[in-house]
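**Student:** Following the hints, position chain W against chain A.
If you read the sequences in order, they're chains A and W. Using the numbering used here, you'd call the opening residue of the first sequence number 1 and step up by one each time. Using the numbering used here, you'd call the opening residue of the second sequence number 1 and step up by one each time.
Any given hint could turn out to be false.
Calculated cross-link-like contacts (lysine-lysine; reagent style DSBU-like; alpha-carbon spacing at most 30 Å) [what the hints assert, rightly or not]:
id	chain 1	residue 1	chain 2	residue 2
1	W	Lys175	W	Lys271
2	A	Lys56	W	Lys258
3	A	Lys56	W	Lys170
Computed footprint of chain W on chain A; a stretch qualifies when at least three of its residues, placed anywhere within it, have a C-beta under 8 Å from a C-beta of chain W [as the list claims (entries may be wrong)]:
id	region
4	47–54
5	67–73
To give an idea of the chain A side of the interface with chain W (calculated C-beta under 10 Å), a few residues [stated by the list, open to error]:
id	residue
6	Trp76
7	Val77
8	Gly78
9	Pro79
10	Glu143
11	Leu144
12	Gly145
13	Leu146
Think of the hints as simulated: they come from the structure by calculation, not from any bench. For each residue, glycine too, the CB sits at the ideal point set by N, CA and C.
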Amino acid sequence: MQDERVRVYRGCILPLDLLYDVEHDVWVRLEGEQARLGMTDPAQTRAGKLVAIRFKRPGTVVERGRALATIESGKWVGPFPAPFRCEILETNQSGFERDILLANRDPYGEGWLLLVRPLAPEQLDDLLPGEEAFQRYRQRIDELGLTCFRCAE
Amino acid sequence: MRIRVVDLGLVSPVRSQTVYHAVGYAFRSDAPPTILLVSTTDPYVSIGYHQDAEREVDLEYCRQAGLPVIRREVGGGAVYLDHNQVFTQWIFPRELVPVRVEDRFAWYVRPLVETYRQWGIEATWRPINDIHVRGRKIGGTGAASIGDAEILVGSLMLDFDTKQMARVLKVASEKMRDKVFQSLEEYMTTMRRELGTMPDRDQVVHTYLEQCSAALGAELEFGELTPEEEAVAAELDARFASEEWLYQKGGLRESGIKIHTDVRLHEAALKVPGGLIRVIVRTHGGRIDDVSLSGDFTLLPALGLAAIEQAVRGLSTRREELAVRIREVYRALGLQSPGVTAEDFAQAIAQAAHSAI
Numbered sequence: 001m002q003d004e005r006v007r008v009y010r011g012c013i014l015p016l017d018l019l020y021d022v023e024h025d026v027w028v029r030l031e032g033e034q035a036r037l038g039m040t041d042p043a044q045t046r047a048g049k050l051v052a053i054r055f056k057r058p059g060t061v062v063e064r065g066r067a068l069a070t071i072e073s074g075k076w077v078g079p080f081p082a083p084f085r086c087e088i089l090e091t092n093q094s095g096f097e098r099d100i101l102l103a104n105r106d107p108y109g110e111g112w113l114l115l116v117r118p119l120a121p122e123q124l125d126d127l128l129p130g131e132e133a134f135q136r137y138r139q140r141i142d143e144l145g146l147t148c149f150r151c152a153e
Numbered sequence: 001m002r003i004r005v006v007d008l009g010l011v012s013p014v015r016s017q018t019v020y021h022a023v024g025y026a027f028r029s030d031a032p033p034t035i036l037l038v039s040t041t042d043p044y045v046s047i048g049y050h051q052d053a054e055r056e057v058d059l060e061y062c063r064q065a066g067l068p069v070i071r072r073e074v075g076g077g078a079v080y081l082d083h084n085q086v087f088t089q090w091i092f093p094r095e096l097v098p099v100r101v102e103d104r105f106a107w108y109v110r111p112l113v114e115t116y117r118q119w120g121i122e123a124t125w126r127p128i129n130d131i132h133v134r135g136r137k138i139g140g141t142g143a144a145s146i147g148d149a150e151i152l153v154g155s156l157m158l159d160f161d162t163k164q165m166a167r168v169l170k171v172a173s174e175k176m177r178d179k180v181f182q183s184l185e186e187y188m189t190t191m192r193r194e195l196g197t198m199p200d201r202d203q204v205v206h207t208y209l210e211q212c213s214a215a216l217g218a219e220l221e222f223g224e225l226t227p228e229e230e231a232v233a234a235e236l237d238a239r240f241a242s243e244e245w246l247y248q249k250g251g252l253r254e255s256g257i258k259i260h261t262d263v264r265l266h267e268a269a270l271k272v273p274g275g276l277i278r279v280i281v282r283t284h285g286g287r288i289d290d291v292s293l294s295g296d297f298t299l300l301p302a303l304g305l306a307a308i309e310q311a312v313r314g315l316s317t318r319r320e321e322l323a324v325r326i327r328e329v330y331r332a333l334g335l336q337s338p339g340v341t342a343e344d345f346a347q348a349i350a351q352a353a354h355s356a357i
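So here's chain A without its partners, still in its complex pose:
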């Protein structure tokens, strides 16, 4: 991908216009008072093809690090953690109903998971902007020996 708005390392794509919680492998797109969240390319690669997802209900308030949804892939089950304390406004239930591999195919676009309202502004400061996140991810990708690929393909 030649797009200047993304960084690519060992096949792992990281758009520069997003914020990242590198520890939890979550991307964040601030949209006014709201934030859209999804799995990063390294996250979907590590998990493999999704076979199931269950969202917490809109209206639920979730603490940082706790599960906004549970994800199942190749028999692994784990949380999709909140990068900050937030209230769930909307989930991409209908998207995943149509195609359970949405986050594998298009992690930063159609494969978004939830739209939330951040409730702890100070926790947003802990998120890393694209370029800085990319540097951290490079290190992490090396440590993990990861090479990203779109599992759905």
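**Tutor:** Structure of chain W alone, referenced to chain A:
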């Protein structure tokens, strides 16, 4: 590295599931990696975390038969379990576990595979998370992130009750149930089946622990659960037995009954002008392995249906390829089916098979 091994022997059905969750939830960064070995005193049905109990399991039968149905926080499908499996449950700190899920299963499965091999059974790891013996599955595995721990679960398959397994699933027809049973018989195996005799649990466990020690390069220490782990397990016993936990709505899941990694069963129905076509399809490695057609349409001569079923075996699941072959059968046998075409059969089969892969 030291690993704590806790062999709990036989415990209640619910405890055989809650115990590894409890060790996971109680896990602290200074806790040792733990291998739990456990079997259930009585049979039960375990369902995957994201499954819908009412949709997947014949709950009425289970109630009558006195079989508990217990949701686990690990993925996968419904499975009938009894005292003839030894569950091998690993609760490890994150930093000791391979990062990629597939690598994690390869790492976890190795001592299981080696144990079978020591017993003269030609087991191999079949990615992502199956163990196979010459194309038959001898147990699956699962993984989860629970609390601060990474969990891997699987079993030493001394024996497995395929008949009960097929009985507890909720299926749309008894014909489908027969197909499930036949497929399990055809595509599953156990130590008993491979060896011709039931192996001794303690001896198998002994082999397994030797293999764990070798694979992990670790010293194994027999231990017990801590009071905190016991307390969490007791709390979870109540939660896992509650109706609220069992009946929680299933997540979005792919469909079809998975017999093993390569083999799936699925049924579908297609309404066409001449009636309803019902189809049960088994795919093996993405190709049609077995098809069963029925419905309220008219097809003459009647043997044509079996001929179509036979003709599509081994084909890919592409509608066009199926249609070409079915048209040939129509021509060769002079089949007539008012309001139902060769293309309709092809579509019904492809539709089912695609959602089954």
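**Student:** With reference to the structure, classify each hint as holding or not holding.
**Tutor:** Hint check:
Restraint check for W/Lys175 and W/Lys271: the C-alpha separation of about 19 Å stays at or below 30 Å, so the hint holds. For the hint linking A/Lys56 to W/Lys258, the alpha-carbon distance of about 27 Å falls within 30 Å, and the restraint holds. Distance restraint check for A/Lys56 and W/Lys170: the Cα-Cα separation of roughly 27 Å lies within the 30 Å cut-off, and the hinted pair is therefore satisfied. Note: the region 47–54 of chain A has 6 residues with beta-carbon separation from chain W under 8 Å; the three-residue rule is met and the coverage holds.
Counting residues of the region 67–73 of chain A whose beta carbon lies closer than 8 Å to any beta carbon of chain W gives 3, which meets the minimum of three for the stated coverage. Given the 10 Å rule on beta carbons, the hint for A/Trp76 holds: about 4 Å separates it from the nearest Cβ of chain W. With a least beta-carbon distance of about 4 Å to chain W, the hint placing A/Val77 at the interface is held under the 10 Å criterion. For A/Gly78, the shortest C-beta to C-beta distance to chain W is roughly 4 Å, which falls under 10 Å, so the interface hint holds.
Because the closest C-beta pair between A/Pro79 and chain W is about 7 Å apart, less than 10 Å, the hint holds. About 9 Å separates the beta-carbon of A/Glu143 from the nearest beta-carbon of chain W, less than 10 Å, and the hint is met. Here the hint on A/Leu144 is kept, as its CB sits about 5 Å from the closest CB of chain W, short of 10 Å. For A/Gly145, the interface hint holds, the least distance from its beta-carbon to any beta-carbon of chain W being 8 Å, beneath 10 Å.
A cut of 10 Å between beta carbons decides the hint on A/Leu146: the least distance to chain W is about 7 Å, and the hint holds.
In terms of the numbered hints stated before, the structure departs from none.
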